[in-house]
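Position chains P, X and W relative to chain Y; hints supplied.
Read off the chains here:
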Amino acid sequence: MLERNLARRAPTVSPLVSESSVTVTPLDPQGRLAFRIKPAALAGRGTIDGFDLSGAINSRTSSEEGATMRTALRLGPDEWMLITAADEVDERCEAISAALTGVAHSLVDVSHRDVSFSVEGPGADSVVNSGCPIDLSMRAFPAGSATRTILGKAEIVLQRRAADSFTVTTWRSFAPYVQGFLVEATRG
Amino acid sequence: MSQPFRRPSGGRIDRSRPLAVTFNGKQLEGFAGDTVASMLIASGQHLAGRSFKYHRPRGILSHGSDEPSALLSVDWRADRGAGYRDPNNRASVVEARDGLVVNTQNHWPSLETDVGAVNDLLSPIFVAGFYYKTFMWPRKFWDRVYEPVIRKAAGLGEAPEVRDADRYSNRHAHCDVLIVGAGPAGLAAALAASADGEKRVILADEGFEPGGALLNDVTSEIDGKPAMAWVAETVATLDARENVVILPRTTAFGYYNHNHVCMVERVSDHRADAPEGLARERLWQVRAGEVVLAAGSHERPLVFENNDRPGIMLAESVRAFVNRWAVLPGNELVVVTSSASAYRTALDAKAAGMRVSIVDIRLDADCGTELSLARDGGITVRTGHTVIKALGGKRVTGLVVAPISANGSIGEKTTLACDCVAMSGGWTPSVHLFSQSRGKLRFDVELDAFVPGTSAQAERSAGACRGVYDLSAVIADGAKAGGGSSTPQATVSFAGFQPVRVLPTDADATKIKAFIDFQNDVTAKDIKLAVREGFESIEHVKRYTTTGMATDQGKTSNMNALGLVAGILDRPLPAVGTTTFRPPYTPVTFGALIGPARDELFDPVRRTPIDPWAEKNGAVFEPVALWRRAKYFPQAGEDMHAAVARETKAVRTTVGIFDASTLGKIEVIGPDAAEFMNRIYTNAWLKLKTGGCRYGLMLREDGFVYDDGVVARLAEDRFHVTTTTGGAPRVMRHMEDYLQTEWPDLDVFLTSITEQWAVIALQGPNARKVLEPFVSEIDLAEDAFPHMTVKTGYVCGVPCRLFRVSFTGELGFEVNVPADYGEAVWKTLYEKGQKHGITPYGTEAMHVLRAEMGFIVVGQETDGTVTADDLGLSGLVSKVKTDFVGKRSLTRPDMVAEGRRQLVGLLTKNPDEVLDEGAQVVDDPGQPIPMKMIGHVTSSYASSNCGRSIAMAMIDGGRTRIGETVFVTTPAGFTEAVISNAVFYDVKGETVDA
Amino acid sequence: MRRFSLTSLLKEAANGHQGWERQWRAPEPKKEYDVIIVGGGGHGLATAYYLASVHGVTNVAVLERGWIGGGNTGRNTTIVRSNYLFDESAGLYEHAMKLWEGLSQELNYNVMFSQRGVLMLAHNHHDVISFKRHVYANRLNGIDNEWLSPEECKAYCPPLSISPDLRYPVLGGALQRRGGTARHDAVAWGYARGADSRGVDIIQNCEVLGLKRHPDGSVAGVETSRGTIGAKRVGVVAAGHTGVVMSRFGLRMPVESVPLQALVSEPVKPVFPCVVMSNAVHAYISQSDKGELVIGAGTDQYVSYSQQGGIHIINHTLDAICELFPQFGRMRMLRSWGGIVDVTPDRSPILGKTPIEGLFVNCGWGTGGFKATPGSGHVFAHTLATGEPHKINAPFSLDRFRTGRLIDEAAAAAVAH
Amino acid sequence: MLLIDCPYCGKRPEVEFHCGGEAHIARPEMPTAVEDADWGSFLYYRTNPKGLHAERWLHGHGCGRWFNALRDTVSDAFVATYEMGKPRPDRDEATASSPSNA
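Chains as they are written, first to last, in the UniProt record's numbering: chain Y, 1 to 188; chain P, 1 to 994; chain X, 1 to 417; chain W, 1 to 102.
The hints are simulated quantities; they were obtained by calculation from the structure and are not laboratory data. Please note: incorrect hints may appear among the correct ones.
Straight-line distance between alpha carbons at most 20 Å, and here's what the computed SDA-like set of lysine to any residue pairs gives [as the list claims (entries may be wrong)]:
hint : chain 1 : residue 1 : chain 2 : residue 2
1    : P       : LYS53     : P       : HIS107
2    : P       : LYS879    : P       : GLU675
3    : X       : LYS11     : P       : LEU121
4    : P       : LYS932    : X       : GLY142
5    : Y       : LYS38     : Y       : SER54
6    : Y       : LYS38     : P       : SER752
7    : W       : LYS11     : Y       : ALA56
8    : Y       : LYS153    : P       : PRO729
Since this is a predicted model, take the numbers as computed values, not measurements.
The following block holds chain Y by itself, in its conformation from the complex (with noise of 0.2 Å):
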């Protein structure tokens, strides 16, 4: 009697609304790979499995690898969150793995612990900077920047799509209080 097909659930984010011109949505389920490796380990590799992991220490990268994205978020010297399709983890693991057999390194599916928002709109930084004190000029954490941070109270992963367009990554138990920080952020 096994019950397949359960259904999976998110942490309960409420419907909080503002009539702000920035939106604080919460984003679909993606598969997240923490991946890490000391550099010289590497040895030269630029991508594994499609993952782009030659981008500079805070900074994201993104390729398109058959029909998925693979966004490769480098948030240390030997740290990563791998990004991809929410049913696709599984083969991501295999594939990463057979192409560092032997190779130290550690990779560990946290698909489960993290929750996103995106936070869009004219002036979605400064909703961002009400509680995240670093530098959100275009010039500091251009688009395509990915950094660990805080939000108030909480830690979050922060990405940067376009100049008004940002991701908030957090751990699941933080996520109503990462969401209602920033939809109270919304109000000004």
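Same frame as chain Y, now just chains P, X and W:
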């Protein structure tokens, strides 16, 4: 009230937009652009409050944020209900708008008739520091009589009674140049700094209109245009530049490390039409590449008898009210000054129709062109004169003045009738923010002022805040500070003053009140008394007299106090010291400092994936670190005791289901993972087989127990580590610290997976029966899947790490599934487990169950001073390993000393009695106090499974005292208990290893 | 010394207060003293006072780098309590409490010791156990401390919110009724006046630069910014600057100096009747006689001598204050400041001998030194007078960092002081 | 709030960091061979200087790396930040007082 003192035209008010404010129950009329202070003056109301100590009538001293006296309670949104009132608002900075309800403070029964004014008569007793000298007898009277009276008399306004109904916002901002102050210097700096279009510039000003001192100025010209026209043009230019942000109503109040400047913007208090929900204030936390301080200066009052009478104001403020707000602070004005700048007030007031004369402390020879200008304009100027005293009570009615002869003697006195006095003792640069930035102040004798010396951060001061007063020079200085240059031709300012501390008088100085600090009622004689008693450092004088410690923080009083002390001691002024300026520049609401961190956003509430189910099923929750966890699941009519009894019983007889998702989880991966575990934990890890689990104990380097948890080896190079709920972040940091800093050679990586997995514990004899139908690819049979092993497979079709572990002593499994599936798997197991008697249990039952087995909880049995051996866990401490974190400390003398507290059980004589957790243990309850305590209770529960109460305790040498009787504290006294082993429940049936 | 009393005050009032004398002299340093105390804060001045008044040792100098009472004595939130857990700490702080209770009379200086009660709030199960452990231990040590239900907490401190909807609901509290506050400056001044009148030289603006030692290594005196001054014994009571002074003497210490911030609100009429401490959310609050809410914030995380911390520390403290007292959201911060506190690994002080003969140290009070001032001075005076620790301060030796016999109040209770 | 120049991420606000106390206190190679007094020193005794201080920082809410920094404890100005394992830079105290820390 009508506006008898409003000039028929002029001023920077919008006469097309009349408005009204309620003042002490009466209507005040005014216009957009007014402050409450200017409206009061327009109506002829100068009495605006009562002083702190003597309850003397006080008026409006200033037109700016340095106002010490006119403090009002303001209900900002009386129409919206409670929660919008606050005390101690300075009338001079409250922007007038419809709907404000303001009231004066610190009087009873009324502003006009205040019983507290009797203190003024008693003032010979109430001198500086009088309370240190008396109120000591009888001893008990201090708390019960004297102090309550003193407290009631002090305190100015009434604190808000209900929760703050406003909201506040926060903004972190970065810029290349932050300019504080939008007067001529700041505007010029902004113009220069933003010229290249590249640099991000923020220009902040505390006022609601840019222009600074030029707002009060109707005569100066800049490059042939009226000064305010220059301001308007400059502002328009800056507005048009995309790289400039102009923030009016924004006070830079704190200059912190590394050019972190905090400012508060008043967003909606000034708006009658502010939509509900608009933030009241916004905290700007600016990180600036460079800071330009263009904060201006403060005028000094003059110190003479009764210089606090309503109607006596700062000279520049009189000018501001006349010009900027088009109100006359009286009909008959005497300007008393030692400063040239006050002549501008005299001239402008005369032009506005006031009758004006001037009393100047300086001699003709010490004056500049201002003197002849005034005399040519028909103003009587008495140079070389002093003020003996002011006349009048609730309003000044006259000044007694007299010439000072060459030898300093006082000549014949004249009484000048007046209803307004404009006084100026010169100027003090506003060096507050510079000082906060830790810049070194330098005393400039010429300027008789402290000015910025060496900077400590990337900062420059410009204009009056560094003692540059002439308008052309101010603009040039600002432009230079902004990185450019400018050589404007502006009207020459009346500048220069003669420092004067206390005006010469022939009155008995011990009998008169000449105020230095208006709000705190500190007089010149108080300062003299302090010095006489040996308080010579200005910090001592401040603390003894409270001068400079009022809500204006001494903006108008500090230099007069310093100068007076220096004069008495006959020391150069800097030798007395200057007070260090501390944030904030002006008082800042707690609300603004908190911003959104209130209610739901005060602290994150972490909820598990199963939390929604628990909530729906009536769980009572408790906070554990940032988490909320289900404590128990009461059924109808049950209290906690009954619910826990039922839940614990179910685990021992059928099966319980428990949400263990909050346990910290770390995935440790790498070829050296086992070696790393070996060094971090006390026990051995190299030989743990893949698929095996082991209980791990972790010490700090000082040898005390730090954390614990079950660890599973998932692969040769992969461990699944669990930690305590509260310990997860610090354990991760602890491990990462050793890995990166002590053992960088190890190839190991750590990833937090606490929230990747929902953890459902099934505990009890029926656990396997519940689980079995839903498991695939895992053989649950005892032989195939023994206690303390782990397998991966599927539960309910969901990928799973299945642990065969027990924290209850019963057959147990911990089902780890990806978090998004946690609730669904839980529901399935719960629903289908009904037939096996499945019962959800919470943290309280979990605690009881583990205590029945004698299992410790780190943080409950341990407190940071407990070793593994104290807990009876020395078996977990490897004797073989040459090193692990904390090992060396275990042989320190006190760690191996006899008689350390050891974990044991305690059984009360009365099996129904449940000891208090935290209770102390003694051998002899009859001994005198202080008693010798031999231990304390760490955990205590009513155990339905044991049929009695059980407790765990740390007892001195406890393991050698099993069976002995001791006495344990209770709220009422002591109770008897017997020391036992800390294992209370004899597991029956299929147990962990069955 | 002219006695302070209502009579003398009234007499002076009639006389324009012309007759008051200096509360302490400003003497030139002598060539040599029996005892030199380095540091003119409350603890140093109290030590000097008790040396003179209890032990008859009057040839004493207190050397102060700046002005007396200008360090942590004048920068703390003035909380006084003695409900510590361990016998050692309880002994020390209760010794101080007993002295507090007669201090104004003893010094003939009203230090405004106000026993309005210190209420420590419990917000979670861990707090409850910990505070009950304190309450019971205190009872057996003869120290008053009682457990209050949330409703009793509310009755004792009406502004407190005990709403179950609080992020960390109030589950109860431990109340020491004898706890309270005192006027911090007056403590320094009162001891200074008392010591001075017994012959102690209080020398301000005198910085200690080095130690002079006899050939056998023992203490011979100190080098100062005002010349060399001989001494048979030297006691260092330099709080946040202990590390600096001791390093000038060639000694390393188990202390670190970190910024501790505090703030006051604008003054308001009486609204807050007691002292409330909430360790779980890091909030300490009382109301001064002047009407200001006095609020203690946390320490910054790094070593600093700057007397300045980050505003985020203040913000977090106020978050917690307004969570517990939501009506204070519209109050305003009037003044904030920082002190430099010397923190030991076990958060307990060090009071006793050093490896150098004749050199003694009294430091490591961290965030909680003010309340101990009289007791600390009293036992340290004993130590300096006799060369041996008083039985109360014997456990607070440097040696405990070798043996591991720590007195870890912080670990035991997660309680800040 | 300090502004800290993480060797990996550049200048970032203090709230992203955790201070780990004095740097360059090496854990003994073989702790069990160390005397009690020396072990006590290792555990508890610190330089606590008024001036330049070498200290450890963790960019926990950032790149997750520990690194060392040289900071003046009087001005709080950072003189240098450097990766773990690198020696303390040779800087004199004078450098610290220059207002270059913006």
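Evaluation of the provided hints:
1. Taking the CA atoms of P/LYS53 and P/HIS107, the gap is near 11 Å; set against the 20 Å cutoff, the hint holds.
2. At most 20 Å may separate the alpha-carbon atoms for a hinted pair to count; P/LYS879 and P/GLU675 meet this at roughly 16 Å.
3. About 16 Å separates the Cα atoms of X/LYS11 and P/LEU121, which keeps this hinted pair within 20 Å; it holds.
4. Between P/LYS932 and X/GLY142, the direct Cα distance comes to roughly 12 Å. Compliance with the 20 Å bound is thereby established for this hinted pair.
5. This hinted pair checks out: Y/LYS38 and Y/SER54 have alpha carbons roughly 13 Å apart, not beyond 20 Å.
6. At most 20 Å may separate the alpha-carbon atoms for a hinted pair to count; Y/LYS38 and P/SER752 meet this at roughly 18 Å.
7. Taking the CA atoms of W/LYS11 and Y/ALA56, the gap is about 16 Å. The hint holds against a cut of 20 Å.
8. Distance restraint check for Y/LYS153 and P/PRO729: the Cα-Cα separation of roughly 14 Å lies within the 20 Å cut-off, and the hinted pair is therefore satisfied.
When the structure is compared with the earlier hints, no violation turns up for any of them.
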